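Undergrad: The primary structure of each chain is shown beneath.
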Amino acid sequence: MDLQHLSILEVRKLIESGDSSATEICQAYLEGIQRRDPAIRAYLHTCPDRALQQASRIDQLKRTGGPLPPLAGVPMAIKDNILIRGLRCTCGSKILENFTAMYDATVIERLEAAGVVVLGKANQDEFAMGSSTENSAFFPTHNPHALDRVPGGSSGGSAAAVASQMALAALGSDTGGSIRQPAGLCGVVGLKPTYSRVSRYGLVAYGSSLDQIGPLAQTVGDVAAILKVIAGRDPRDSTCSSVEVPDYQETINASVKGFRIGLPKQYFGGGIDQVVREKIQKGLQVLAGLGCEFEEVDLPSTEYAIACYYILATAEASSNLARYDGVRYGLRAEGAKTLSAMYRQTRDAGFGAEVKRRIILGTFVLSSGYYDAYYLKGQKVRTRIKQDFEKAFERVDIILSPTSPSPAFRLGEKSNDPLAMYLSDIFTITANLVGIPGISLPCGKTSQGLPVGLQFLGKHFDEKRMLNLSHAFEQAGGFAV
Amino acid sequence: MKIGPAEVDYVAKLANLAITEEEKQIFVGQLSQILEYVEQLDALDTSTVEPTTQIVTSAGSGTPMRTDEPRTTFSQEDSLSNGPETGAGHFKVPQVIAER
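Protein chains in written order, with the working numbering: chain H, 1 to 481; chain D, 482 to 581.
Misleading hints may appear alongside valid ones.
Mimicking BS3-like on lysine-lysine, the simulated pairs with C-alpha atoms at most 25 angstroms apart in a straight line are [unchecked claim]:
{"#": "1", "chain 1": "D", "residue 1": "Lys505", "chain 2": "D", "residue 2": "Lys483"}
{"#": "2", "chain 1": "D", "residue 1": "Lys505", "chain 2": "D", "residue 2": "Lys494"}
{"#": "3", "chain 1": "D", "residue 1": "Lys483", "chain 2": "H", "residue 2": "Lys356"}
{"#": "4", "chain 1": "H", "residue 1": "Lys386", "chain 2": "H", "residue 2": "Lys459"}
{"#": "5", "chain 1": "D", "residue 1": "Lys505", "chain 2": "H", "residue 2": "Lys380"}
{"#": "6", "chain 1": "H", "residue 1": "Lys94", "chain 2": "D", "residue 2": "Lys573"}
Okay, the calculated bits of chain D under chain H, using three or more residues with CB under 8 angstroms as the criterion [to be verified]:
{"#": "7", "stretch": "493–499"}
{"#": "8", "stretch": "550–562"}
Bear in mind the hints are in silico, worked out from the structure with no lab data behind them.
In this text, all values refer to a predicted model and were calculated from it rather than measured experimentally.
Built from N, CA and C at the ideal position, the CB exists for glycine as well.
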């Protein structure tokens, strides 16, 4: 079976025509995982029996002539910070190594009701803190395009699984670029929807004013089809928006002639690798050929985005991660004589270095005497960044940038320098601070075969237009410039 | 600002984290470097803006509300199923108040 060119639509055709079955398709992916994952290590754990059961239910439905749900038989990888009842959910952390989810996340309920077959849980940086998946407490994931390089992160397992046909699509989560950056470095499509577009019930919280779940896949059409299923109001998540979910496919083939694309002058200054710059230029030519118009936009406050993000995200993380104390679930350190000693020893044994660093930084910026200078200042800078984007979006429909300033770096290259790692998130972080949707698309490869990612940022709830433009870019050959 | 071992100790205590001497030494350097980087925010004038605490994106509808009705929730068995130490329908913990 040619998994490389399998799309959601193809899966449907294969099952409907009887040329194949959900079970055969599922088996093909499970075999792929057995062959390729020992070198790539995209999965923390797989659930083959459960997957085959789900697939056989789809085949049963087909035999009895029932209508097939929209994502029937689509094999997916799920980032390991999203709960699936009865499966372990580790968040890439020792502290949750033996934690079994007792309920399904809303996105899982919706995907499985739509016929998705879950293959397993994808590796990630511990609690989604990182840009390389090297912070997984279990093992790092390797980039399928070059095994000595990182897949990006924190949804590195999700991106690597899709890039190596070990899943047709995946779910990730994006707090500061954690879907888009690995999608870019692995050469797949990754979408962070508008903040509040997708329910977070059952997503393990990191930075609650920033976190968002989104899909990764090989094509824009597949990402749109998955978004349609997972988006929309959820009574169990009061931060989830009730704005109506449009049919993203409806206008996906529409002309993009006259689209106004903003090029932030701050994003095309220094600090971008020459090869990334060249590929993005070629991407711009593709868009120009489609009749898009370009305009320089000014985002003067964006140079402060990383600093702002690392104050707000760590503050929120220090609060969210206070729940891991060895009482109700997860690891408990043995031998502590008192409750407070048990808390401290459990958290020392269970958390890795990056998580501790962020908890300490977050606790510091919230602590008495420093709150105004750091946390409150960060929140005000966030307002300024938001205003920059509001102003830019008065003039343009979409903002374009590289996804990352450079292609995938080598394993170990930045792991001892947290600040250098943070700086690689420069182009992705603003979308989370502003709450707007962003998508990373493949935009050619370097001479060494490393993928380059191109990013579109859209207005709040304007995924439809962003997907229309992304699809046009894909159809015009933009993925292979 | 530069932070020293004493600040790291103090904040680790606030965060209920026991960290080793070795970790402390590494964190002192790394956190000072990160805080110095973060201080570039001082260059941006924010005297005229309000802080953003949450990106409200419900397009004017505000925070969704629901009626306050009892719903089925997790069973006691499910709730205790991940507990490191449980007994008699409770989570068990070590001694809370230290002996004199």
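Undergrad: Hints first: check each against the structure and report whether it holds.
TA: Hints, one by one, checked against the model:
1. D/Lys505 x D/Lys483: Measuring from Cα to Cα gives roughly 14 angstroms; hence the hint holds.
2. D/Lys505 x D/Lys494: 12 angstroms, holds
3. D/Lys483 x H/Lys356: 18 angstroms, holds
4. H/Lys386 x H/Lys459: 11 angstroms, holds
5. D/Lys505 x H/Lys380: 31 angstroms, violated
6. H/Lys94 x D/Lys573: 21 angstroms, holds
7. 493–499: Since 6 is at least three, the answer is holds.
8. 550–562: The restraint on the stretch 550–562 of chain D holds, since 4 of its residues have a Cβ under 8 angstroms from chain H and three suffice.
Hint compliance for this structure: hint 5 is the single one not met.
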